[in-house]
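Novice: Below are the chains, spelled out letter by letter.
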Amino acid sequence: MALEPLRGRVAYIFADDDFDVDQIVGVDHCAEQDMQVLLDVSMQSFDPQFARLARPGDIIVGGQNFGYGHPHYPAMQYMRHLGIRGVIAESFAPGFWQNEINMGFIPITCPGIVANVNRWDEIEMDWTGKLLNRTTGCTLQCEVLSERHRSIIEAGGFIAHLRSKHRSVAA
Amino acid sequence: MGKTITEKILARAAGRSEVSAGEEIAAKPDFVLAYDWPGQTDVIFKEIRQSFGIRKLVEPERFGLFIDHMTPAASPNDAEFHARTRASCDEFGIAVYEHRGIGHHVASEIGYACPGGFVVHFDGHVSQLGAYGTLAMGLRRSLIEAFVSETITMTVPHTVRVDLIGTLPAGVMARDVFHHLVRLLGPGACRFQVLEVGGPGLSQFSTDGLQAMTGLAMFIGAVTAIVNPDDDARYAEAASRARKNFGRVTSDADATYAARHQVDLSQLEPIIVAPPSPANTRDLRDYVGLEVHVGYIGSCVSGKLEDMRAAARVLQGRKVKAGFALHVVPTSQQILAQAAAEGLLQTLTESGAYIGSSTCDYCYGRIGVMSAGQRAVSTGTLNVRGRMGHVDSEIYTCNAATIAASAIEGRIADPRPYLEGR
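Which chain is which? The protein sequence lines are L and C, in order.
Counting from 1, one number per residue, gives the positions in the first sequence under the numbering used here.
Counting from 1001, one number per residue, gives the positions in the second sequence under the numbering used here.
Careful: at least some of the hints might be erroneous.
Stated by the list, open to error - Below 16 angstroms or equal to it, Euclidean Cα-Cα: the simulated EDC-like pairs (lysine to aspartate or glutamate) are:
| no. | chain 1 | residue 1 | chain 2 | residue 2 |
| --- | --- | --- | --- | --- |
| 1 | L | Lys165 | L | Glu143 |
| 2 | C | Lys1028 | C | Glu1047 |
| 3 | L | Lys165 | C | Asp1163 |
| 4 | L | Lys165 | C | Glu1150 |
| 5 | C | Lys1056 | C | Glu1091 |
Hints listed in this document are in silico derivations from the structure and should not be mistaken for laboratory results.
Take these sequences, add in the hints, and give me the full structure.
Specialist: Next comes the structure, spelled out in structure tokens:
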């Protein structure tokens, strides 16, 4: 597998269960397509400095059933724009999980993550699911993504993955 | 080792003698459905032409496209979008259904709900075809794979089985059963799994009711929901309309389930789902008296004949409170016609209800919207903030009888006193 281990800082912890990601951009902007607007309005109720503090390669952390409800795309478009690579959560709502892995965003299920990381901890996960909190030394076991799902991430999204698989057989 | 109905359907679709939950398979959908929607179907058509060089689909008769959102067109842009959809469908030989109603339900009227069939869509509410023993899954943007390739790659899901026992009391509807499951088992109880509903209590439900129960599956985390066709009449009705016949597929008695639960329906009360999340399921009685301004009876899951009948039963000879907007929108034109034939529309209009022609557009706030501070009772699919208008308006989802009773009082009301003697 060519994927490098996932390594980055915990840029934010959304600890609530059943977290509705539209809250990140606010309901008024849940379908906003203008990134400049998203940069202005997002994360205001969580940490208004988020966009300034986040760095490419950072990771966000979520609770149980992360992405529940009717998730729209802009919240994670905003995260990707800032260079956030993925979200590690206790568990995911399937619709959100499917949407985001299709965009090449990394959704990792890791029971125990919320209680075992603090904001800005440096964490590292290899693709066998071993997660190390480099700041505290704590280790956790994540669910392992299937080879197919890893190749979607490696391709940068589902359509790119399909293209590599099917282009040659196109009529 | 026994198999679930889901494993049996997917084994056939994968051309295998058997498959088990957890296995990765390549399955051929019997039908590929969608509704035209910006960012979904337009992207699919563009990508399959440009990125995959596709000029012809494998068995285009498997594909069906519904024009049910942005209907009727309210702007030239809407009309142009629909025109492009029709042109693309023409190009690829895809059947288009327009002005028939909401696709997830119309699909059952026109034979896509084949017992034992495997149907894919991008939208998860297609799960309501599960009422007919059809495995129908919303794949989100992965749907494009079904256009690019004859098969889709997927993992066979595990199943959570819920057995219903007992008799549902008057004034409590199928929709309440689903909301009750969310409360009882938790909004993530069936994550990435199939919700299979069965048990002796099943036969008391109409297929309309089962569609409401299965159509909301995503809000308990399920990838779809399915009912074993254990009622002869229901199976015969579905099989008579089905475009393909796969025989009667059911779960084995010794099938393996991820979890199994039993629910006694006789203990259920009407439920109201308070904003801002479908996880927020509450007892209706705790909200009785709260002022409401708008009522919506409709949507892919709850604008069925059963809902029209329940509303008419409550509203017969009574009036909607002055100033209250009650929108009644039958899910399909066939339901609209049947409701007219039964005299339900007359009862409803005499009471002051406003009848709309079938469309998805009330449910997601494109028409019939609320201003700031307004509050709705709704049989729509979802109660997140801003979905039916201003972000400072509120949506309480509940059953159709509750909405009819609330329309009379202009406050959230218990339908049961209004149903006494009817």
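Novice: Each hint needs a verdict: does it hold in this structure or not?
Specialist: Hints versus structure:
{"no.": "1", "hint": "Lys165/L <-> Glu143/L", "in the structure": "violated, 25 angstroms"}
{"no.": "2", "hint": "Lys1028/C <-> Glu1047/C", "in the structure": "violated, 20 angstroms"}
{"no.": "3", "hint": "Lys165/L <-> Asp1163/C", "in the structure": "violated, 42 angstroms"}
{"no.": "4", "hint": "Lys165/L <-> Glu1150/C", "in the structure": "holds, 13 angstroms"}
{"no.": "5", "hint": "Lys1056/C <-> Glu1091/C", "in the structure": "holds, 8 angstroms"}
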